[in-house]
Amino acid sequence: MSQTNHGLGGLKYDPTKKSRASEWNVLAALVLIILVFEGLNRLNGTSFLFNMRDNVDTLFNQQRLDIIILQVSITGIIALGVTQVIILGGIDLSAGSVVGATAMITMSFAQTALVNGAPNPKAVFGDWAMDLPVIVPIAVGLVCGTIAGMINGLLVAYTKIPPFIATLGMMVSARGVARWWSNGQPVSFPTESYGELANGDVLGKLTFGLFSWDGQNPAVVFVALAVLFHLIMIYTLYGKRSYAIGSNEAAARMSGINVDRHKVLVYTIAGMLAAAASVLLTSKNLTAQAGMGVMYELDAIAMAVIGGISLSGGRGSIVGTVLGAGIFSVIISGFTSIQLDAYYQEMVKGAIIVGAVVLDQWRQKGRVRG
Amino acid sequence: MTDIVLETRGLTKYYGGVQALEDANFILRAGEHVAVVGDNGAGKSTFVRQITGVEQRTAGQIFFDGRETNHAGPLEAREAGIETVFQTLALADDLDVPSNLFLGRELFKFRLGPFSWLDRKTMRERTLEALKTTAVKIPNVDNPIRNMSGGQRQCVAIARTAAFASKLVIMDEPTAALGVQETAQVENIIRGLKERGVPLVLVSHNLRQVIDLVDRIVVFRRGRIVASLNKGETDGNDIVSYITGVKGSEPAHG
Ligand SMILES: Nc1ncnc2c1ncn2[C@@H]1O[C@H](COP(=O)(O)OP(=O)(O)OP(=O)(O)O)[C@@H](O)[C@H]1O
Ligand SMILES: [Mg+2]
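These protein sequence lines map, in sequence, to chains A and B. For the first sequence, my numbering assigns the number 7 to the initial residue and increments by one for each residue that follows. For the second sequence, my numbering assigns the number 0 to the initial residue and increments by one for each residue that follows.
Derived by calculation from the structure, the hints in this document are not laboratory data.
Chain A regions said to be covered by chain B (calculated; three or more residues, Cβ under 8 Å): (1) 235-248; (2) 253-265.
For the chain B half of the interface with chain A, some residues (derived, Cβ under 7 Å), not all of them: (3) L74; (4) L90; (5) A91; (6) L94; (7) E105; (8) P113; (9) F114; (10) S115; (11) W116; (12) L117.
Using N, Cα and C, we set each Cβ at its ideal position, and we do this for glycine too.
With the hints as constraints, model all of the structure from the sequences given.
What follows is the structure, encoded as structure tokens:
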């Protein structure tokens with residue numbers, strides 16, 4: 007009964023024995039890594055996941071989970087965009103700098119006039135830009151991301167500059183914008199509603215208090231965006247075109263897909279996602295600094311690659327990236343939990359990125375066909 | 000003159016210094032099946048690429064469906080009614096069979112610009128129907144075609160063309176990678192096109208197949224059309240002598 011003729015032309019094909027999706031491997035790796043850190047912690051009489059202190063009455067180590075989730079969320083939102091760009095066959099090195107530039111510009115429209123009764127010491131603009139409705143800085147931020155992403159897309163699509171170079175240029179320029187904006191000074195003291203964006207309890211509001219998750223709005227936004235783009239990548243023309251272009255650009259062109267226009271769209275969406283991450287990050291920290299987001303692009307790329315997104319395009323999924331983001335953050339927090347020095351952390355981080363790419367190369371070699 | 004589907008006048012294509020196609024004059028009439036033969040590098044695929052808008056010609060005119068045409072790209076040619084199986088398959092390796100069949104002309108549940116929702120179920124059903132006509136053996140159409148054999152991929156490309164065939168079908172060496180059974184099946188598809196009255200340009204090295212299937216054989220040599228032979232008035236040896244240059248050193252009208 008297990009051998010069924012589901013195949014065409016009488017070929018045997020057993021649909022119950024589908025080859026396992028690679029996402030399952032990533033999930034297994036995630037669980038394994040958590041277990042390893044739990045074990046390492048237990049050796050020291052501590053715990054990675056669980057609360058070991060008697061004076062706190064929770065099952066899990068809430069503080070650590072919060073950190074992991076926050077880390078996944080902000081960089082993860084960037085990784086959602088980077089994933090789409092990589093599936094398209096490109097790369098986006100500019101995301102971290104776009105976060106920085108967007109942070110400075112957005113925060114300048116989110117400031118409040120009076121701080122403890124005194125005028126805002128970090129004011130960038132005059133009174134007209136103080137205490138604006140929260141929608142204004144959000145819109146400004148998204149426009150910043152859109153512009154940066156669109157420039158990336160236009161460069162890649164119409165000048166035929168390799169994506170690596172085009173987005174490297176944006177990486178440097180956008181960081182320049184971030185530094186120039188307020189001469190390197192931080193922009194601080196946002197309105198209360200802007201601070202609420204990341205620190206509020208949107209889940210509680212949306213479910214009328216049924217579920218409450220105070221201070222974890224970035225995670226809620228990340229999950230919502232991940233679900234949205236998962237659906238888009240699998241069920242809509244946008245996703246189909248992205249995979250088609252990444253897997254065979256010439257074929258996509260020949261099939262009548264407007265490849266150039268689609269590239270601009272994908273890079274623009276990636277820019278908007280980086281901007282969204284920037285808004286949440288500045289809201290979370292209640293300040294914007296020119297150095298915000300440095301190296302985030304590499305973290306995001308690492309998340310995607312760990313999640314099984316192929317750097318040669320055409321393969322991978324949003325689910326993979328979400329899991330990859332989980333692995334990435336668990337490893338970082340895990341190192342902190344076993345008190346590994348930050349230097350070592352960075353070295354190992356680099357090794358993980360290279361390792362993931364090597365793995366991808368191996369996977370592809372296995373597919374070479376005659 | 001109204002029954003002419005496709006005509007080229009003085010069609011010429013240079014790649015830098017390479018004169019791949021030189022002054023090709025070719026006529027295809029309604030319902031007619033014509034084979035294009037010639038040695039490797041004779042300019043057959045180049046000829047196909049000019050008619051289908053994949054490349055822009057160096058000189059000459061193309062008339063399709065009664066009008067002079069200037070297809071800027073393969074999509075325009077396809078929208079005008081020219082369906083093509085290219086020699087280098089225009090397939091996306093990481094997509095499954097239905098996605099490839101409907102690449103660039105997806106069906107939708109609802110339209111929302113680039114975020115239009117795909118009607119995957121209908122596309123899958125139509126794909127299975129289209130593939131049945133080719134008798135191709137594919138274990139699972141939901142797998143990426145990267146993992147399929149050359150012949151299976153070829154059949155996907157041919158099924159795509161046959162399924163959407165309207166005014167003109169062009170096939171560039173469709174059976175080159177196929178086994179005996181699959182070749183026979185593709186030949187059946189071609190006969191089906193003939194019955195439906197869909198005109199065909201078939202590029203092939205298989206003279207047996209060509210003599211079997213088409214009404215007229217056009218011979219290319221070194222970028223030029225050197226002969227146009229009606230099926231009843233020629234045979235394998237005759238064709239070979241034109242291909243190799245024993246006969247027909249003067250350019251002919253295709
Ligand atoms: N893009 C290109 N750039 C330069 N030269 C080209 C290009 N495409 C084709 N050629 C040359 O043009 C000539 C004709 O090539 P074409 O592909 O049309 O041959 P063909 O008749 O289809 O051969 P085959 O039977 O091997 O498919 C060849 O000499 C080839 O090397
Ligand atoms: Mg050829």
